[in-house]
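Novice: Here are the chains, one letter per residue:
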Amino acid sequence: MNVIFQSTYYTLYQAANERCFYIDFGQKMVRMSLCQLLALRHKVMSIAIEDHFDSDLNAHGFEVLMLCNKEHLFVLNTLEILDLKKLVSNSFVSLGLSVGALETITS
Amino acid sequence: MKDIARQSMSIKVESMDLLNGQIKMEAHASATYLAMASWCEQNGFFTSAKFFFKQAEEEREHMMKIFNFLVDTGGNPISPEVTGINHDYSSIVDVFESTLEHEVKVTKSIHNIVKKSRELGDFATEKFLDWFVMEQIEEENTVRDILDMIEVTGTEGVGLQMIDNQVANWID
Numbered sequence: 295m296n297v298i299f300q301s302t303y304y305t306l307y308q309a310a311n312e313r314c315f316y317i318d319f320g321q322k323m324v325r326m327s328l329c330q331l332l333a334l335r336h337k338v339m340s341i342a343i344e345d346h347f348d349s350d351l352n353a354h355g356f357e358v359l360m361l362c363n364k365e366h367l368f369v370l371n372t373l374e375i376l377d378l379k380k381l382v383s384n385s386f387v388s389l390g391l392s393v394g395a396l397e398t399i400t401s
Numbered sequence: 017m018k019d020i021a022r023q024s025m026s027i028k029v030e031s032m033d034l035l036n037g038q039i040k041m042e043a044h045a046s047a048t049y050l051a052m053a054s055w056c057e058q059n060g061f062f063t064s065a066k067f068f069f070k071q072a073e074e075e076r077e078h079m080m081k082i083f084n085f086l087v088d089t090g091g092n093p094i095s096p097e098v099t100g101i102n103h104d105y106s107s108i109v110d111v112f113e114s115t116l117e118h119e120v121k122v123t124k125s126i127h128n129i130v131k132k133s134r135e136l137g138d139f140a141t142e143k144f145l146d147w148f149v150m151e152q153i154e155e156e157n158t159v160r161d162i163l164d165m166i167e168v169t170g171t172e173g174v175g176l177q178m179i180d181n182q183v184a185n186w187i188d
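Residue numbers (my numbering), protein chains in the order written: chain A, 295 to 401; chain P, 17 to 188.
If you're looking for bench data, these hints aren't it; they were derived computationally from the structure.
C-beta: ideal position from N, C-alpha, C; glycine also.
Each hint should be verified, as a subset may be incorrect.
Claimed, not checked - Capping the alpha-carbon separation at 30 Å, the derived lysine-lysine pairs in DSBU-like fashion look like this:
no., chain 1, residue 1, chain 2, residue 2
1, P, 124, P, 66
2, A, 379, A, 337
3, A, 364, P, 40
4, P, 66, P, 18
5, P, 18, A, 337
6, A, 337, P, 121
7, A, 379, P, 131
8, P, 121, P, 70
9, P, 81, A, 364
10, P, 18, P, 40
11, A, 337, P, 70
12, P, 18, A, 379
Said to hold, decoys possible - Some chain P residues well away from chain A (every beta-carbon gap over 12 Å; in silico):
no., residue
13, 98
14, 130
15, 185
The following block holds chain A by itself, in its conformation from the complex (with noise of 0.2 Å):
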């Protein structure tokens, strides 16, 4: 396996021969096709980290994230969103399906 991009928590890598890709969450290892890749980062990228500041509109700091069709449930604070981000981010200028000077994705 290949890694493509490293963040503080997490670690994405590229599995060539089962064609599909692997994040390293920590605790544990997620397979991925792009498509799975790609509902991340809509899911990961739509968060308003903002709220996060406000205990209106988010008391706990905390996010929920349900991956690869429910299969996967992450509780993440604060900073593991934040690290998340970047390490989608900088993951699809890596793999060449960005030119990550524009992020678009709103909520």
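Could you slot chain P onto chain A? The hints should help.
Specialist: Frame of chain A; chain P shown alone:
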């Protein structure tokens, strides 16, 4: 190293995001025209209602065209949430003026995506949007012609009835 990502997807994710935004805009336009059709039906402008029912269908077709393009290019099309549809209009003139404003907004959005895809070197998206650029010229022109007709006819006396009858010229 094999380029699995590029083998699975033919456009840039930035283009995909912009096209998903356009899907949402087309869906919003379709819902807005449906609301206009409803207003026209309730206020006795039955031919105009038919015009807006057709427009609503057309906007949905535009949305599906973009949706299918994202499917074909290996992207992740997102089914849009549509909220905040206005159902209140002060007159039939207000309805058509709002329509033109809406179409201009759609045109600007399409042009913006063309510009961005050109910057990204995303030729597939740029080429795909050619059809939309020409379609928007036609859409704007139709509504401008209707507004011209309204101005010439006037809204006094039987003017409103004549306006509604003449809208039939722009259906089909």
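Novice: Evaluate each hint against the coordinates.
Specialist: Results of checking the hints against the structure:
Restraint check: the Cα-Cα separation between residue 124 of chain P and residue 66 of chain P comes to about 27 Å, which is no more than 30 Å; the hinted pair holds. In summary, the hint linking residue 379 of chain A to residue 337 of chain A is supported, as the alpha carbons are separated by about 10 Å, within the 30 Å threshold. Restraint check: the Cα-Cα separation between residue 364 of chain A and residue 40 of chain P comes to about 25 Å, which is no more than 30 Å; the hinted pair holds. A threshold of 30 Å between alpha carbons decides the hint, and for residue 66 of chain P with residue 18 of chain P the separation of about 54 Å lies outside it, so the pair is violated.
Proposed proximity of residue 18 of chain P and residue 337 of chain A is supported: the alpha carbons are some 27 Å apart, at most 30 Å. In summary, the hint linking residue 337 of chain A to residue 121 of chain P is supported, as the alpha carbons are separated by about 27 Å, within the 30 Å threshold. Taking the CA atoms of residue 379 of chain A and residue 131 of chain P, the gap is near 26 Å; set against the 30 Å cutoff, the hint holds. At roughly 19 Å between alpha-carbon atoms, residue 121 of chain P and residue 70 of chain P fall within 30 Å of each other, so this suggested pair holds.
As the CA atoms of residue 81 of chain P and residue 364 of chain A are separated by approximately 29 Å, the hinted pair is consistent with the 30 Å bound. With a C-alpha separation of about 34 Å, the suggested pairing of residue 18 of chain P with residue 40 of chain P is violated against the 30 Å cut-off. Under the criterion of a C-alpha separation no larger than 30 Å, the hint pairing residue 337 of chain A with residue 70 of chain P is inconsistent with the structure, at around 34 Å. A C-alpha spacing of about 25 Å is found between residue 18 of chain P and residue 379 of chain A, which places the hinted pair at or below 30 Å, so the restraint holds.
Look at residue 98 of chain P: its CB is around 15 Å from the nearest CB on chain A, clear of 12 Å, so calling it non-interface holds up. Distance check for residue 130 of chain P against chain A: the nearest CB is about 14 Å away, which clears 12 Å, and the non-interface claim stands. Here residue 185 of chain P stays apart from chain A, with its beta-carbon at least about 39 Å from theirs, past the 12 Å limit.
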